[in-house]
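Enquirer: Residue 18 in full-length UniProt numbering is what sits at position 18 of the sequence shown, and the numbering runs on without skipping anything.
Please note that the accuracy of each hint is not assured.
Computed Cβ-Cβ distance ranges for the label pairs, DEER-style [said to hold, decoys possible]:
#1 Val99 x Gln149: 20 to 30 Å
#2 Asp115 x Glu65: 17 to 27 Å
#3 Lys106 x Leu79: 19 to 29 Å
#4 Lys122 x Glu65: 30 to 40 Å
#5 Pro117 x Pro24: 27 to 37 Å
#6 Asp115 x Gln197: 23 to 33 Å
#7 Pro196 x Arg107: 15 to 25 Å
#8 Asn22 x Gln81: 23 to 33 Å
#9 Asp201 x Pro90: 30 to 40 Å
#10 Pro61 x Glu109: 22 to 32 Å
#11 Arg96 x Lys15: 39 to 49 Å
#12 Lys194 x Pro90: 38 to 48 Å
#13 Arg103 x Pro184: 31 to 41 Å
Lysine-lysine pairs mimicking DSS-like chemistry, simulated, CA-CA at most 27 Å apart [to be verified]:
#14 Lys15 x Lys106
#15 Lys209 x Lys172
#16 Lys194 x Lys4
#17 Lys172 x Lys15
#18 Lys147 x Lys44
#19 Lys175 x Lys147
Hint data in this document are derived by calculation from the structure and do not stem from the laboratory. Just so it is clear, the structure is predicted and the values come from calculations on it, not from any experiment. By construction, the Cβ of each residue, glycine as well, lies at the ideal position given by its N, Cα and C atoms.
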Amino acid sequence: MLFKDRTAAGQVLAKKLADYANRPNILVLALPRGGVPVGFEVAKALNAPLDVLVVRKLGVPDNEELAMGAIASGGVRILNQSIVNQFQIPDEVIARVAVQQERELKRRENMYRGDRPFPDLKGQTVILVDDGLATGATMWAAVMSVKQQQPKEVVIAVPVAAPETCEEMQSKVEKIICANTPTPFYSVGLWYEKFPQTTDDEVRELLNKANNHHQPLLFGK
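Generate the whole structure from the sequences, applying the supplied hints.
Expert: Written out as structure tokens, the structure reads:
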């Protein structure tokens, strides 16, 4: 399955989540930036509110696409110990990368949310959406961040994933939906005809569109 773009991928994914449509206490949390166009389509189809959970990959120095770990809102930090050991990455290097990414995480949170509070997740069914899963490091950090708030249920939903990552994540949440698990996988972007970088402006525009319809539900505490 080759997706035309993230919008089309979100529409396909939404059909696989149809059982969650029009339910109370459902929240779609997209991982910016690429997960937001996907999550927007999911939220729209399910008639559910949309927000973002900012997660940052901790890339291996000189090979930043390879994740040695990830951080997420709420002070979550995870490490891929096998990658750390394989590349013999010292603690001080990990700490330096983490500080850099923490700075970017806070910048994005401020840009996307401003002074709006993070939604209360307690008792909610949270659907975590991204444009794909490769190593799963950022999604696992997102799951840990969400579980700190005691949701009723955590669902992972992605258009495409490495088969082994999708299988591994099944034990971490109540439900996972990977619409496409191709073998060989290689990378997320290979399974999209168009895979441009999503911009900060696009993220804010989609959040504003979604929140115009669901603001009382999302942010009422």
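Enquirer: For this structure, which hints from the list above don't hold up?
Expert: Hint check: 2, 5, 8, 14, 15 fail, others pass.
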